[in-house]
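Could you put together the complete structure from these sequences and hints?
Residue numbers (the working numbering), protein chains in the order written: chain P, 19 to 131; chain W, 83 to 196.
Just so you know, these hints were derived from the structure itself, not from any lab.
Some hints could be false.
Unchecked claim - Listed next, the stretches of chain P that the computed footprint assigns to chain W, with coverage defined by at least 3 CB atoms under 8 Å from CB atoms of chain W:
{"id": "1", "segment": "58-66"}
{"id": "2", "segment": "117-131"}
Claimed, not checked - Pairwise CB distance ranges, derived in the manner of DEER restraints:
{"id": "3", "chain 1": "P", "residue 1": "Asn81", "chain 2": "W", "residue 2": "Leu165", "range": "37 to 45 Å"}
{"id": "4", "chain 1": "P", "residue 1": "Asn81", "chain 2": "W", "residue 2": "Glu140", "range": "15 to 23 Å"}
{"id": "5", "chain 1": "P", "residue 1": "Gly34", "chain 2": "W", "residue 2": "Arg145", "range": "45 to 53 Å"}
{"id": "6", "chain 1": "W", "residue 1": "Arg145", "chain 2": "P", "residue 2": "Asp45", "range": "24 to 32 Å"}
{"id": "7", "chain 1": "W", "residue 1": "Thr95", "chain 2": "P", "residue 2": "Lys60", "range": "18 to 26 Å"}
Glycine is no exception: its CB is placed at the ideal position from the N, C-alpha and C atoms.
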Amino acid sequence: KQEVTQIPAALSVPEGENLVLNCSFTDSAIYNLQWFRQDPGKGLTSLLLIQSSQREQTSGRLNASLDKSSGRSTLYIAASQPGDSATYLCASAQFNAGNMLTFGGGTRLMVKP
Amino acid sequence: DTAVSQTPKYLVTQMGNDKSIKCEQNLGHDTMYWYKQDSKKFLKIMFSYNNKELIINETVPNRFSPKSPDKAHLNLHINSLELGDSAVYFCASSGDSAPNYGYTFGSGTRLTVV
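Shown next, in the form of structure tokens:
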């Protein structure tokens, strides 16, 4: 059974810093790895999706990497802004479970002006 | 146009009642899902459904049942509501082929059982 863990659970940084959020998973037989953003009281917004055959994906100031052999993914946020404050969730889809996602517990990010 | 829409946004009801949450997607996606986010904000899959197969998470009580009148809708019916059912329920959809594997989530339904 897949388990997904995110470290740290919470992070507070000053505006402008580059930061890395970590995600680890126990079963490397993943279909893809996705990163989401959740604002308080809101739904989830998809940020990046990395297929199992890919190593990384980039979108603007965001870069996500995937290392299946070590069971790790990282989300790199460059030049953080207060508007980046949210909870960031990673989730894996397994080959033997359709496209259902197993989520980590999230990292709550606060970027201070 | 909202891609994945859920109604109602808030639902307060008494223990023992039966309730439904509706979900519709206009993305042409093949698969729809229901997820539950508990008080600790942990998200967990409940169901995955397309026109071929219903996959049920083994931990979901049989008081919960998905109903899909067509490809664009997946409603969630809950019988005999319990206090522990209080949570935020998210509907989502995804495509079955590249480049549409990614998920789109609805904005959630906050269910409070009193």
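Practice problem: Could you tell me which of the hints above the structure violates, numbers in ascending order? | Solution: Number 4 only.
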